[in-house]
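Trainee: Whole structure, please, built from the sequences with the hints as guidance.
Chains as they are written, first to last, in the numbering used here: chain G, 1 to 197; chain B, 1001 to 1200.
Misleading hints may appear alongside valid ones.
Said to hold, decoys possible - Now the stretches of chain B that chain G is said to cover, found in silico as 3 or more residues with beta-carbon under 8 Å:
#1 1057–1066
#2 1103–1111
As the list claims (entries may be wrong) - Simulated restraints, written as ranges between beta carbons of each label pair:
#3 G/L5 - B/P1077: 46 to 56 Å
#4 B/Q1191 - G/V105: 38 to 48 Å
#5 B/V1108 - G/S37: 33 to 43 Å
Worth flagging that the hints you see were computed from the coordinates, not collected in a lab.
C-beta atoms are modelled at their ideal positions from N, C-alpha and C, and glycine is treated no differently.
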Amino acid sequence: MSVVLEKPKVTPEELLRLPKDRRYELVDGELVEKPMSWISGALMVRLGRFLDAYCEQHEAGSVSGSDARFRCFPDDPDKVRLPDLVFIRKERLTPELGTAGFISVPPDLVVEVLSPSDVSYEVDRRVQDYLSAGVKLVWVVHPQSRSVHVYRPGGQGVILSERDELDGEEVLPGFRLPVREIFRPLEQLPQKTGEKA
Amino acid sequence: VSDECGVGEAEGNAGGIVALAEGSPLRTGGRRTGGETYVLDFRSTDGATGAVFWSVYCEQHEAGSVSGSDARFRCFPDDPDKVRLPDLVFIRKERLTPELGTAGFISVPPDLVVEVLSPSDVSYEVDRRVQDYLSAGVKLVWVVHPQSRSVHVYRPGGQGVILSERDELDGEEVLPGFRLPVREIFRPLEQLPQKTGEKT
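Mentor: Put into structure tokens, the structure is as follows:
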């Protein structure tokens, strides 16, 4: 029988003390780095702008970016995830949102914007984690295909293309945004020469 | 060999996978298996299940022909040299051509393509594959996600849907009358031993 050396598990408290130059999630005691890219960052800003405008107009709640660390997962109290964009409705805002620590309130909406190195299994795990934590709506933005995958707990999801409109449903009532608006920053990028599919 | 044919994909593979014979279904782009043999076993198990249901349907309805990941398609409008190997394909009876009987490339776009994801599949590459199939004229693409036990259904020019284990997969106009509970696809996962200490 071979001896397997267990890597020491990282605790959420240690995660808070790590340098801030990378985005780490904490899953099963291991640091999982979230892939980053210009494209995903640009689309986060773009979608965040529409969400923020909606919140201001409707006094609906609070939007945050990828600095918010969520520790709200029923299967593992030490799991920490960093959604790319989050929205929490006004009536669910808590004082802990004003601190530098973890947030134990599951968000109402989570948006993930994929980077070129994101692995499908890991994306599925993130979506499952958010839905089982009680998140009511998850949007996964796919820059490559210019589509948005919409997930809800216990219901069928949909895959929206640039011809479709994103709907805030009961989470952001009245929020409607043509999907193509999200991807407008891609039009400013120079084409990669010799790109192969 | 162009990079589309994916021989370079053997990089990063360890153990027995590199030793696969020439012509084995090494994937175009991104299907690196990281040398974990269980991935291959798992893939073939999964594919086999789908194929069984399907071949039953085809036999019953004399609908057409089903093939697995040995079929090389060269039918992509953006690049005449692009070659893709769908995990499972179906071509309707009236579109079957003699070239399907040869060992060469297939220039007829399939009617239905199924991709079953592996743990190392990269989302951007999966999206590229789906886009390629749809722009080649494939009418229905099912991407099977074992991790979330869901099936993502894509059609040209229409909204896609994400089906969970509570839902039923529908053959739509491509396989009229084909209906399969999604959970049936994932039954092989129940036979697999749980990987101890599984990490994400």
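Trainee: Each hint needs a verdict: does it hold in this structure or not?
Mentor: For each hint, the structure was consulted:
{"no.": "1", "hint": "1057–1066", "result": "violated (count 0)"}
{"no.": "2", "hint": "1103–1111", "result": "violated (count 0)"}
{"no.": "3", "hint": "G/L5 - B/P1077: 46 to 56 Å", "result": "holds, 52 Å"}
{"no.": "4", "hint": "B/Q1191 - G/V105: 38 to 48 Å", "result": "holds, 39 Å"}
{"no.": "5", "hint": "B/V1108 - G/S37: 33 to 43 Å", "result": "holds, 37 Å"}
The structure fails to meet hints 1 and 2 from the earlier list, while all remaining hints are met.
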